[in-house]
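Colleague: Sequence:
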Amino acid sequence: MKKPIAFEDAADLLDADHNAVKKMFQEHNAMWEDNAAAVAKHRLAKNICQALTVHAQIEEEIFYPQV
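Here the numbering used here is used: position 37 in the sequence shown is 37, and no number is missing along the way.
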């Protein structure tokens, strides 16, 4: 049986996830400034969307029920 994630662990996970998504946004902005290939920008945008989906799921299923 899986051990439930502790509130502190969920908060740390959300902080790390927030930092990772922030870094991806910074990278995406730099790609626009450098006129990077559309395929690379699209791939990164897709990764950002996936990360935000996971982030929202963590908030809704783990973090907020414990608040």
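Since the hints were derived computationally from the structure, they do not count as laboratory data. Because the structure is a prediction, the values reported are computed rather than measured. Glycine included, every Cβ here is placed at the ideal spot set by N, Cα and C. Be a bit skeptical, because a hint or two may be false.
What the hints assert, rightly or not - Below, computed lysine-lysine pairings styled on PhoX-like, alpha-carbon distance capped at 25 Å:
#1 K22 - K46
#2 K41 - K23
#3 K46 - K23
#4 K41 - K22
As the list claims (entries may be wrong) - Label pairs and their in silico Cβ distance ranges:
#5 L52 - W32: 27 to 37 Å
#6 H18 - A40: 35 to 45 Å
#7 N35 - D15: 30 to 40 Å
#8 W32 - P65: 17 to 27 Å
#9 E33 - E8: 36 to 46 Å
#10 D9 - T53: 13 to 23 Å
#11 Q26 - T53: 18 to 28 Å
#12 V54 - E8: 11 to 21 Å
#13 D34 - I58: 24 to 34 Å
#14 N35 - L13: 13 to 23 Å
#15 E59 - E27: 19 to 29 Å
Colleague: Does each hint hold? Answer for all of them.
Modeller: These are the hints, each one checked on the structure:
no. : hint                  : in the structure
1   : K22 - K46             : holds (14 Å)
2   : K41 - K23             : holds (14 Å)
3   : K46 - K23             : holds (14 Å)
4   : K41 - K22             : holds (15 Å)
5   : L52 - W32: 27 to 37 Å : violated (18 Å)
6   : H18 - A40: 35 to 45 Å : violated (23 Å)
7   : N35 - D15: 30 to 40 Å : holds (33 Å)
8   : W32 - P65: 17 to 27 Å : violated (38 Å)
9   : E33 - E8: 36 to 46 Å  : holds (38 Å)
10  : D9 - T53: 13 to 23 Å  : holds (20 Å)
11  : Q26 - T53: 18 to 28 Å : holds (20 Å)
12  : V54 - E8: 11 to 21 Å  : holds (19 Å)
13  : D34 - I58: 24 to 34 Å : holds (32 Å)
14  : N35 - L13: 13 to 23 Å : violated (35 Å)
15  : E59 - E27: 19 to 29 Å : holds (23 Å)
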